[in-house]
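With these hints in hand, go ahead and build the complete structure from the sequences.
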Amino acid sequence: MSQALLECADIQKSFGGVPVLKGITLDLQPGTVTALAGENGAGKSTLMKILYGMQAPDEGVMKVFGNEVHFAKPTDAIALGIGMVHQHFMLVSTMTVAENIVLGAEPGSEVALDLNKASTNIRKLSEEFKLAVNPHAVIEHLSVGQQQRVELLKALYRQARVLILDEPTAVLTPQEVDEFFAILRGMRQQGKTVVIITHKLSEVLAISDEVTVMRDGRVVGQVATKDTNAAELARMMVGREVLLRVEKPDADVGTTGLLVKNLSVSTSDGSKRVNGVSFEVRKGEILGIAGVEGNGQTELIEALAGLVTPAHLTGEIRLEGRDITRVDARSRRELGIAHIPEDRHRRGLLLDFSLAENSILGVHYRKPVVSTAGIFLDNQAIRKRAAQIIEDFDVRPTNQELPARALSGGNQQKLIIGREFDLRPKLLLVSQPTRGVDIGAIEFIHRKLVALRDEGCAVLLVSAELEEVTALADRLLIIHEGRIVGDVDPKVATIEEIGLLMTGGH
Amino acid sequence: MRDLFTIALIWSTVRLATPLILAALGGLFSERSGIINIALEGKMLAGAFTAAAVTYAADSKLHLGAASPWLGLLAGMSAGIFIAAIYAIVCIRYKADQVVSGTAINILMFGLPAFLSGAFFLSSGSTPQIPRDRLIPFTPLVIAILLLMLTGICWYVLYRTPFGLRLRSVGENPEAADAAGVSVSRIRYAGVLIAGALAGIGGAYLSIGQSSLFTRNMTSGRGFIALAALIFGKWRPVQTLLACLLFGFTEAVSIQMQGAIKLPAFFATLLRQTPGDDIPIQFIQMVPYLLTIIVLAGFIGSSRPPRALGIPYQKEK
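Residue numbers (my numbering), protein chains in the order written: chain A, 1 to 506; chain B, 1 to 317.
Simulated from the structure, these hints should not be mistaken for laboratory data.
Among the clues, some could well be false.
To be verified - Across the chosen pairs, the derived CB separations fall in these ranges:
1) B:Tyr-159 - A:Glu-334: 54 to 64 Å
2) A:Ala-170 - B:Gln-239: 30 to 40 Å
3) B:Gln-239 - A:Gly-504: 37 to 47 Å
4) A:Ser-271 - B:Leu-141: 43 to 53 Å
5) B:Val-100 - A:Ser-14: 31 to 41 Å
6) B:Ser-124 - A:Tyr-365: 56 to 66 Å
7) B:Val-100 - A:Ala-170: 32 to 42 Å
8) B:Ala-85 - A:Asp-216: 39 to 49 Å
9) A:Ser-271 - B:Gln-239: 27 to 37 Å
10) A:Ala-56 - B:Ile-107: 41 to 51 Å
11) B:Gln-239 - A:Phe-376: 48 to 58 Å
Said to hold, decoys possible - DSS-like cross-link-like pairs, simulated, lysine-lysine; straight-line CA separation at most 30 Å:
12) A:Lys-63 - A:Lys-73
13) A:Lys-73 - B:Lys-95
14) A:Lys-200 - A:Lys-49
15) A:Lys-22 - A:Lys-226
16) B:Lys-315 - A:Lys-200
17) A:Lys-130 - A:Lys-261
18) A:Lys-384 - A:Lys-426
19) A:Lys-63 - B:Lys-315
20) B:Lys-234 - B:Lys-95
21) A:Lys-426 - A:Lys-491
22) A:Lys-22 - B:Lys-315
23) B:Lys-234 - B:Lys-315
24) A:Lys-73 - B:Lys-315
25) A:Lys-200 - A:Lys-384
26) B:Lys-95 - A:Lys-49
27) A:Lys-200 - A:Lys-226
28) B:Lys-315 - A:Lys-49
29) A:Lys-448 - A:Lys-261
The structure displayed is predicted, hence computed values, not measured ones.
By construction, the Cβ of each residue, glycine as well, lies at the ideal position given by its N, Cα and C atoms.
In structure tokens form, the structure reads like this:
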């Protein structure tokens, strides 16, 4: 084995006495792509922060080319050729590409910023690594995929030899992922070392040479990618057998639950986000809507949930034949519409409120939550109900006095799902049900959704995860720029076919 | 009416806009780094009082003659920096609420000069009169040229130096700046201290340039007007300069209007005065402040503040 570019031995780190990393040993060879897989809370991001100098380890040694190093701040790591692309891009959206790339490593003197020289260098790098982007463009005008290229260029501009990529594909469309992987392969060819943090097993298998699996602060497996498979990786990540496929019987379809006729939704500035959409969801089926994010899915779901001012709506929404187009959100919930929102922090939870308090949102005004007099909250009833939801939906930790903020994403999501299922809905609107959720919890959530369908509920599912939406949905619509551009059978259609429709191709 | 608009009005505009321009351009550096500068008023008061007190002492006690106003100006600037340093430590090091701590500084600086002038000059709130030949001797033309140069320098620093790039990035997205190896707190300290220096000079100009002594609350809200001009100027140097000139012009006009415009009949009835009387002076003096309210309420154009404005930077979440 050649000299490792970066190695760490027995790295330990705890926060407030709680150990997060319990002795991590890792070495990275030049010209390889290593995937770092593991569930949320496994310690992946802490390890990366240590490698990038954002945090110092309590114990352990890090070496670059065999020399021991200590990073006090990211600049120390950058100086030794370590670059990082964060999951949430670290870009200043009002500034240009060139300005963002040179920030902190400006060419020219302290009194004169030489952006022309920078642009020339950036163009050279763009060509070398096939990262086409205009140095003079302003970040906020770029697509997400282009912004990611800027992040890569930023690291390369600082002559990074090791690139740490945190969940880089989370925001990309299937086509963009392919392009992105091609770029990574090019970098590997140029001798760069790439570390990609991900929980998507298909991507681990598609791009990496080596996989390191972390669980609970430890490395539980280090294998060559060609010697492993998805099932084995999932088992290592979760610590037990995981069902990766969604098991579901054929849908037993009933009468029409939701009928949407020629629905359009516009924003307050007058632009149409949903444009003349018509479809129906029958009882006992899951209707999936696939699309690149920002193509009207959010507005569509919010219109159905009653969260859009009627003035911005045209068309017709019917629940079991009854026109509910002008009915407000609370009444819609009373009629049997439950809503699992795409952004659980914005629409789903009050993060600083307890689990018990969060569990009554939406029923907070009526029995059994409110006592007979109709004025006071009945804390006993609330606790009993919350405990039931926490038990049925496996929310951990189970202490209902904890603030929602203290839970992992997966457990927050399970709490919301439990709360919404408790309404015994006739129609469930669900957006991105497993975003930021661990594999173990994904399996659980998928099973619950299928079970609800089998009870005869009509389910409308929006997800940016193509694999998820094709696995769960009984029928699949594709949305593009606010219009339904495709209606396919998810059992037959290929990912490429759907991907093409999503980007507006035919 | 026509004789209102004269060359004198232009120079009056420049003179009245000068403290605003200095404070607003200073505030620009603070706000572009992400620190709200509601304490501009307090910094101007500190600058005005210190400049007047030091100039007076340098002239009458130390007999420094013509050097006195320059020493006073330096002292006024230093006082602005000193107050800014306190504000910076509170807001950056201790992550206090910027509006609340800025307001505290304003209140403190409203009272402190009164106390100090009582201790030093046995007066209740003002410094002794400084002789005319011991004031800053610049003509409005010189001042206008200096202000144009200052605006140019601010623009250059902001858009053509690495420091400016870092300053803007810290105010927009401190996480990104931090990840790129920029020290967020160091840049913010620099921004707030520059604001203190310029606001201090602005205050000094009030007491030893425009008038010849410090009087209690002599800024009378100019720090806030400067803040309004900064917002109106969309946090950009040249636009901010123009906004300050507009405010200065309004004030200049309102001064010339006093006694020059008669009360229309309708308002006269309303105010129980005889038609043909002068408009009450208080109404005319209101005009610049009314404009401030209109601007701050966002009636004129929309402008987007630096995204991280007012949010203390936490390294770890």
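Against the structure, the hints:
1. B:Tyr-159 - A:Glu-334: 54 to 64 Å: This hint holds: roughly 57 Å between Cβ atoms.
2. A:Ala-170 - B:Gln-239: 30 to 40 Å: Since the Cβ atoms of Ala-170 (chain A) and Gln-239 (chain B) sit about 39 Å apart, the hinted range of 30 to 40 Å holds.
3. B:Gln-239 - A:Gly-504: 37 to 47 Å: Since the Cβ atoms of Gln-239 (chain B) and Gly-504 (chain A) sit about 40 Å apart, the hinted range of 37 to 47 Å holds.
4. A:Ser-271 - B:Leu-141: 43 to 53 Å: Since the Cβ atoms of Ser-271 (chain A) and Leu-141 (chain B) sit about 51 Å apart, the hinted range of 43 to 53 Å holds.
5. B:Val-100 - A:Ser-14: 31 to 41 Å: holds, 36 Å
6. B:Ser-124 - A:Tyr-365: 56 to 66 Å: holds, 60 Å
7. B:Val-100 - A:Ala-170: 32 to 42 Å: About 38 Å separates the Cβ atoms of Val-100 (chain B) and Ala-170 (chain A), which means 32 to 42 Å holds.
8. B:Ala-85 - A:Asp-216: 39 to 49 Å: Hint holds: Cβ distance 47 Å, inside 39 to 49 Å.
9. A:Ser-271 - B:Gln-239: 27 to 37 Å: For Ser-271 (chain A) and Gln-239 (chain B) the Cβ distance comes to about 29 Å; the hint holds.
10. A:Ala-56 - B:Ile-107: 41 to 51 Å: Taking Cβ atoms as reference, Ala-56 (chain A) and Ile-107 (chain B) lie about 42 Å apart, which means the hint holds.
11. B:Gln-239 - A:Phe-376: 48 to 58 Å: The hinted range 48 to 58 Å holds for Gln-239 (chain B) and Phe-376 (chain A), with Cβ atoms some 56 Å apart.
12. A:Lys-63 - A:Lys-73: holds, 16 Å
13. A:Lys-73 - B:Lys-95: Measuring from Cα to Cα gives roughly 21 Å; hence the hint holds.
14. A:Lys-200 - A:Lys-49: Roughly 21 Å separates the two Cα atoms, so the pair holds.
15. A:Lys-22 - A:Lys-226: holds, 28 Å
16. B:Lys-315 - A:Lys-200: Holds - the C-alpha atoms of Lys-200 (chain A) and Lys-315 (chain B) are around 29 Å apart, at most 30 Å.
17. A:Lys-130 - A:Lys-261: violated, 45 Å
18. A:Lys-384 - A:Lys-426: Cα-Cα ~24 Å, so holds.
19. A:Lys-63 - B:Lys-315: holds, 25 Å
20. B:Lys-234 - B:Lys-95: Holds, at about 25 Å.
21. A:Lys-426 - A:Lys-491: Holds, because 25 Å separates the two Cα atoms, which is no more than 30 Å.
22. A:Lys-22 - B:Lys-315: holds, 24 Å
23. B:Lys-234 - B:Lys-315: Since the Cα atoms of Lys-234 (chain B) and Lys-315 (chain B) sit roughly 28 Å apart, the hinted pair holds (cutoff 30 Å).
24. A:Lys-73 - B:Lys-315: holds, 11 Å
25. A:Lys-200 - A:Lys-384: violated, 37 Å
26. B:Lys-95 - A:Lys-49: Holds. Lys-95 (chain B) to Lys-49 (chain A) sits at ~24 Å (cutoff 30 Å).
27. A:Lys-200 - A:Lys-226: With Cα atoms ~16 Å apart, Lys-200 (chain A) and Lys-226 (chain A) stay inside 30 Å; holds.
28. B:Lys-315 - A:Lys-49: holds, 12 Å
29. A:Lys-448 - A:Lys-261: Since the Cα atoms of Lys-448 (chain A) and Lys-261 (chain A) sit roughly 29 Å apart, the hinted pair holds (cutoff 30 Å).
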